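Kindly generate the complete structure, drawing on both the sequences and the hints.
The primary structure of each chain is shown beneath.
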Amino acid sequence: MTIGIPQALSYYYYYPLWCAFFEKLGFHVVRSGPTNRQKLDAGIKVTPSEACLPLKCYFGHLLSLMKKADYIFIPRLACLKKTPGIRLGCPKLIGLPDMARAIVPEANILTMDIDLRLKSEETSYVNLAQELGCAKRVALHAFTYATEQYALYRKAKTWKLKAGDESNDKFLIGLLGHAYLLNDDYLNLNLIEKTQDAGACIVNCHDLPGKELEKACEHINPLSWYFEEHILNAAYLFHHAAHLSGIIYLLSFGCGAGSITHEVIDYELGTTQTTPFLKIVLDEHTAETGIMTRIESFLDMIKLRQRYRI
Amino acid sequence: MKAGFQHMGNLDIVLRAIIQNLGCDVVQGPKPNRKSLDIGVRHAPELVCLPFKVTLGDMFGALERGADTLLFIGGGDWSCRYGYYGRIQCSILRRLGFEFRSIYIGHQDVKSIIAEVLHLNHDSWTTTLKNWTRGFAIAWHKSKLVDQVECLARFFRPHEKNKGECTKLSNRYLEKIDKEYRVLRLIKMRKDIREDFCNIKKADPFAPLRIMLVGESYCVIEPFVNFDIIENLGNLGVHVEPFLTTHRWLFYHTMRINEDRSFSRKEAKKLATPYWGYNTGGEDQLSIAYTMNAAKLGFDGVIHLMPFSCMPETAALPVFERISKLYDIPFLNLSLDEHTSPIGARTRIEAFVDLLAYRRNSHKKKLKDATGV
Chain A
1 MTIGIPQALS
11 YYYYYPLWCA
21 FFEKLGFHVV
31 RSGPTNRQKL
41 DAGIKVTPSE
51 ACLPLKCYFG
61 HLLSLMKKAD
71 YIFIPRLACL
81 KKTPGIRLGC
91 PKLIGLPDMA
101 RAIVPEANIL
111 TMDIDLRLKS
121 EETSYVNLAQ
131 ELGCAKRVAL
141 HAFTYATEQY
151 ALYRKAKTWK
161 LKAGDESNDK
171 FLIGLLGHAY
181 LLNDDYLNLN
191 LIEKTQDAGA
201 CIVNCHDLPG
211 KELEKACEHI
221 NPLSWYFEEH
231 ILNAAYLFHH
241 AAHLSGIIYL
251 LSFGCGAGSI
261 THEVIDYELG
271 TTQTTPFLKI
281 VLDEHTAETG
291 IMTRIESFLD
301 MIKLRQRYRI
Chain B
311 MKAGFQHMGN
321 LDIVLRAIIQ
331 NLGCDVVQGP
341 KPNRKSLDIG
351 VRHAPELVCL
361 PFKVTLGDMF
371 GALERGADTL
381 LFIGGGDWSC
391 RYGYYGRIQC
401 SILRRLGFEF
411 RSIYIGHQDV
421 KSIIAEVLHL
431 NHDSWTTTLK
441 NWTRGFAIAW
451 HKSKLVDQVE
461 CLARFFRPHE
471 KNKGECTKLS
481 NRYLEKIDKE
491 YRVLRLIKMR
501 KDIREDFCNI
511 KKADPFAPLR
521 IMLVGESYCV
531 IEPFVNFDII
541 ENLGNLGVHV
551 EPFLTTHRWL
561 FYHTMRINED
571 RSFSRKEAKK
581 LATPYWGYNT
591 GGEDQLSIAY
601 TMNAAKLGFD
611 GVIHLMPFSC
621 MPETAALPVF
631 ERISKLYDIP
641 FLNLSLDEHT
651 SPIGARTRIE
661 AFVDLLAYRR
671 NSHKKKLKDA
681 TGV
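In the order they appear, the protein sequences are chains A and B. Numbered according to our numbering, the first sequence spans residues 1 to 310. Numbered according to our numbering, the second sequence spans residues 311 to 683.
By construction, these hints were calculated from the structure, which means they are not laboratory data. Keep in mind it's a predicted model, so treat the numbers as computed, not measured. Even for Gly, the Cβ is constructed at its ideal location relative to N, Cα and C. All the pointers check out, no bait thrown in.
In the DSBU-like style, the derived pairs of lysine-lysine whose C-alpha atoms are separated by at most 35 Å in a straight line are:
| id | chain 1 | residue 1 | chain 2 | residue 2 |
| --- | --- | --- | --- | --- |
| 1 | A | K81 | B | K421 |
| 2 | B | K579 | A | K119 |
| 3 | A | K81 | B | K580 |
| 4 | B | K580 | B | K606 |
If you only want the chain B side, here are some residues facing chain A, beta carbon under 8 Å, derived:
| id | residue |
| --- | --- |
| 5 | R391 |
| 6 | I398 |
| 7 | G591 |
| 8 | M621 |
| 9 | A626 |
| 10 | L627 |
Given below as structure tokens:
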């Protein structure tokens, strides 16, 4: 039996975990492949026009998986952390399986609720495996294996922000935003590569160590969205890294949490803010050239700033 | 202490009664209008939803009129942006140079609110309890009366002979309720209101179309934001039933208590769960349940109001469309923001009503052809 995982939204956070879990249970996992024009167009057709770009893209991926997989795995990320405070997913992530059922009623949807207020992550995964006809012992074993694999993956990706990373002629730019925007090269119009070509070295906020980041940012008034909290913490770290020359914040039009996060970043760090900050809002009409012009002018300003030591 | 808070339908009449009885003056900005919205839009983040901008304009107005304390409703662990309103509006207003104290009214701030109220009443529990009971009693009766006026106006508006009479009458009574501070008089007023509304000149009897209003609570309740949709639909000869009113919102919805015996929250949740399993922070699950219930109760259509880019309602939109198909009930979505023109919205609503009338007639005709009656 094959299980399909659309390559968008929460995929960019949890794929290694899910893949290891299902493969250990003996299922075949297929991905929908990278985003392209056809997928995005198909997604735009079926979703409400006000939805954010990654959501539209998600449904394109889902539709492309329809013939490839027996089941499509769409988890519901409701509550992802309980201590020190409750951290929730954004409403679109909470309602995702229900939206999928409404938009694509013919799809075989495999879903699981991650709501730490009600039950632990382990129970959710074990219940899911039992639904698929696996024994509890096997499921528990698979979950342990998957979490180990996931921890290894996180560790390999982790990138420490230390002084001295900066090479002589290149300068360091911090990149903020959701993983599903930053890591999807089609959605962000290949922004990372282009910025690197223009002579900057990029620090992706999702490569920063999550737990240490939380510890460093305990005093910040938190957000109650799980993924946005990470962005806020990363913004704090970027602002206090002296060798960082600029910050680019990428968000999609119609992202409700993004509008608040940007404002909170602005006022929580407002007094200490000296690092140049560029906000880029993406939607399906964004032109590559327009974005490139803005990035280039931003980098030029940073170069000027460094030359005159402002 | 002069307290200011946001507007929302007739919320001010009720809240003012409680707050004034607790020994605190109320200074509010003007009711939401184009000017206050423009101020809100100028200072709010660009991509935030409409209620944020309107309430920011309200707070601005209150501060300009001399309020020194602002009450923010909501706050805490919400998945919807409403939970952040107070926090961000506060920082925006402070940055603009205003000086004020902020009090958040939410589930986790109960202790600090009680301390605040105690302080206002000279730290005496007896005075506090006395004032609170009195204030609550007055507010409760006022709220019930406001609800009655709104409900009767909604009910009789399609039937009135001279257009605008119901609105005039309800405005007169709302003013009267606002000024009255004696519980007995308020209780007596109930009968007058009923009689006056019944005595309005009626046109020939007919069965008006029935429309259920669902969506985001602020957009359903605040007439400035939804372009007086209840009144306009009434004037078009439609009986409108909003799923939330100010009274229900304040005393039941915010406390998560049941009011409607015929359709309880539990029942609503059960009904909506197959289509929308979780309440994502707004009124999405309740709205979906009410849409389904409207179809069962034989309503002619459903209008869904939401601010542009509202997170929970946008996510729920495909589900509404699916329910509309499955339950065979016409559905119109209006997404509102500061650029929505009243005329554009009105045209869409009129067209929707025309379609509903046509649909009802064709159903009748089909029934007649089938049965021969």
